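*Asks:* Listed below, chain by chain, are the residues.
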Amino acid sequence: MLFNNKKRNEAVDILADRIVAGFSPAQDRPKGTDWIPKRATEPIRIEEASEALIAPSETIKDQLASMFKNNKVALVSAIVIVVFIIGTLFAPLFAPCDPYVQDLGNRLAAPSIHHLLGTDNYGRDILSRMMYGGRVSLLVGIVPTCIYMAIGTILGLIAGYCGGIVDSIIMRVADVFMAFPSMLLAILISYTLGAGMLTIFCALSFVSWGGTARVVRSEVLSLKEKEYVEAANSIGVKTWVILLKHILPNCVPTLIVLFTMNVPGNILTESGLSFLGIGAQPPSTSWGLLVFQMKKYLSKSPIATLAPGIAILILVVAFNFLGDALRDKLDPQLKD
Amino acid sequence: MSDKKTIFQIRGLKTQFFTKKGIVPAVDGIDITVKQGEAVGLVGESGSGKSMTAMSVMQLLQKPGKVVDGEILLDGENLLDKSMKEIDEIRGNRISMIFQEPMTSLNPVYTIGKQVSEAILTHENVSKEEAKERAIDIFRKVGIPEPEKRYGAYPHQLSGGLRQRVMIGMAMVCNPELIIADEPTTALDVTIEAQILYLMNQLQKEKNTAIVMITHNLGVVAQSCDYVYVMYAGKIMEEASVKALFKNPQHPYTFGLMNSIPKMTETKEHLFTIRGMVPNLLHLPKGCRFCTRCDKAMKICTEYQPELYETEEGHKVRCFLYDKEVMESGK
Amino acid sequence: MAKYIIKRILVSIPLIIVTILIVFLLLQVVPGNPIAVMMGEKANPEVIAKVTEEMGLNDPLPKRFFDYLVNLVHGDLGSSYKLNRPIAGLIADAFPNTLKLAITSAIVAWIIGIPAGIVSAIKKDTLLDRFLMGFSLVGISLPVFWAAMLLQYIFGYSLGILPISGYATAKHMILPAFVLGWASSGTIARLTRSSLLGIMKNDYIRTARAKGIGETLVVVKHGLKNAMIPVVTMMAMQFASLLSGAVLTETVFGIGGIGVLMVSAINARDMPLLQGSVIFSTMIIILGNMVADLLYSVLDPKIKEQ
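In order, the protein sequences belong to chains A, B and C. At position 307 of the first sequence (counting the first as 1) the number is 307 in my numbering, and the numbers step up by one without a gap. At position 102 of the second sequence (counting the first as 1) the number is 102 in my numbering, and the numbers step up by one without a gap. At position 113 of the third sequence (counting the first as 1) the number is 113 in my numbering, and the numbers step up by one without a gap.
These aren't lab readings, by the way, just hints derived from the structure by calculation. Mixed in with the good hints, there may be bad ones.
[What the hints assert, rightly or not] The list that follows gives simulated cross-link-like pairs (lysine-lysine, DSBU-like), each with its CA atoms no further than 30 Å apart:
#1 B:LYS14 <-> C:LYS123
#2 B:LYS35 <-> B:LYS207
#3 A:LYS329 <-> C:LYS100
This one's a predicted model, so the numbers in the text were calculated from it and none came from an experiment.
Produce the entire structure from the sequences given, and follow the hints as far as they go.
*Replies:* Here's what the structure looks like:
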């Protein structure tokens, strides 16, 4: 058991030398040999222990649990998100009315017991329309994010681990993709594929992987140097196994945080595109489209057009709060 | 030595950290006296409280740390009673500090010349040109080659040893009465370390500046200090002149530290270590702080804390072994 | 230093060409004849064929691309099918409006965002900090078009104090600039805060304090100068993004800028116009990112050396 401070060894050598040979002329030589070397009965290292209390390393589950306990906002956000997801996913179950049924005698009604958010210009229940419309917004928010993050992760892993020319090529391609803001690309693709959900889906799923790839790549670069990777390599573990079993799990916290930060962007882009008429097409609906459709009735029934927008706002804010809390807890480095 | 003027004194300093897990008594009542031109060593392991002492003096404590008791006297004035403005006038001017990590202690976006000039311009009413002249002058003194050219250099263009020289220069440029050096050579190669220590020695003698040398390295103490305080878990365990301490370490902890240095003249199979670990400051042992690791621990050690007993002139120990009453009565 | 700039520019050129190529391909590989699509079903097939030939659309793809590039370098972006005007002219008309909006929004964003971020960092974990950060978070979560509408309603319609569309006077810019500015300021504030907090943990901040220069100067002189480096680059990128056309805001507020140009091109199936305006936008973004990179290297002395 040696000291873990190499420099101390050398200085000590000098001191020891001096002890044997005498100190510098200005000081006296120590007299006597009172320093009887003792043999410790149990050789324990002198640790340069900064804290005697060694904190047990927490699993991700523990970290999440403690985060939710301490951060009420994050908890509320998570609940909000879950409520929204359930509400829209199971819209047929929960929606009070059929969103397509028209009631021309009851147009643009104010909120009432029957219609909690009132009715639109065809007498359709707004709340139900929003619940159905939310499916689109959430779907387009979440699924393309999963897709492009998967693409980005795979490419980032490859680029980071292989390095060299593979790395350069992948990063150049990423640069090209990152030059296109998703809105612009969606506009372009909609010319080719026509307006509609397919367009947005394609535009949002295959473009934004660049950012994720960059982040994963830098994580891989730093993890690559760790000893357990070298060890695994030296005993002949295959590359993809190393990537999968050793490196990927360490990227998970960062990926979780990135996910919660990317979904809001997608939701906003989709609603913007639908608002412009390039996204969801009637008769299907999304929150963005709802805002656009009800825009002209702003003065008569403001809630018709405000409600979907507020829904977007609440959902996006919830994701952002949750993302912030997760980032603070799981990956402080990402803060900058 | 005892006819020199005392310029700096710490009396009964207590610094505590108010954490969620409890109150951590990082510095628990220490007394240090520094005379003019004297080099005082503060020795201890990590976590002993020595750096926190320096931070307390310079008022650089970060939350949740706070000085809760004691006095810090510079020329008789209590620094703890002063306003931040007054402290700012003293920092860098009458008391300077040299930090451990030269690689990160300088601002990367300003030239080293500007950073040193800044110290001068803050405290003295001189022109920019004059400040520049003085900065170049101090660069020369601390051994930076081509000082005029280096004035406009950025920190990243310099090696660790050079950067530490800049730090030393910056600390000395206003001719302070006291310099606190917190492990100034720990991050440096041992050959550079020797040079830096020599330099500090020279400058100190030339300007008659007092210095408090904080270190965990007994070799550094041997080379550069006149008087030594040994700290453990927030308390002073032993204090003596350097010669007396090396000749005759009295506290079992000091004894252990000395023994931990391997001797060139002997062959051993096991290196000596002090058994056990530095205690968690939240869960200190009831009696003497060192009792859990002490070979000479007695029953009384686990129940009461010893005081500092003066065994010979200028040599004090905090250990019941030297408490005449206890040893004689055999309690 | 100049070498670095030139190098950066040279490296960007392939990027630019590839992006133009992608836009080109996406628009030109549409099945069917764009002229026919634009002119509608009732148009005379002979006319369609003649126009197609004139527009050079029967030429092979590589030749079309090359011709387009050559024209591009000369500043000729072709003519709009529908409007029968040179696209470059259309863009030149539209761009100043986008520029006005971009400048005003950017100023709003920076004037609100940067101080908010600084104050938040200094007063970390106080009520003020939480409030400012909450405000910023809402800003970045806003559906811009919806907020625009809302403000139009409140200030233009109900209260009648601000004009709700058009771009003639400065007063017209107030609402749109505020909407866009709020969204952008959120990002800037958060970045400034986290950057400053990170910088203040550094050892050299402690050294600066130990020199006795006073806490204000420590933050302003030593902290900010380091902390603002990433913020400034973000500001450059944001400005580029604003310049490339805030499609939604322009639409809601009826500001005839690049964004509106693009949307009208789509609705009219006017391929050359769409192509030209999208390429213009993308170029601005690439340029902006390059400027941001260069700024970073200028501000950070470590990189400046290279």
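*Asks:* Hints first: check each against the structure and report whether it holds.
*Replies:* Hint by hint, here is what the structure shows:
1. Only pairs whose Cα atoms come within 30 Å are accepted, and LYS14 (chain B) paired with LYS123 (chain C) is accepted, the gap being roughly 27 Å.
2. Of the supplied pair hints, the one linking LYS35 (chain B) and LYS207 (chain B) holds, its CA atoms being roughly 14 Å apart against a limit of 30 Å.
3. Between LYS329 (chain A) and LYS100 (chain C), the direct Cα distance comes to roughly 41 Å. Violation of the 30 Å bound is thereby established for this hinted pair.
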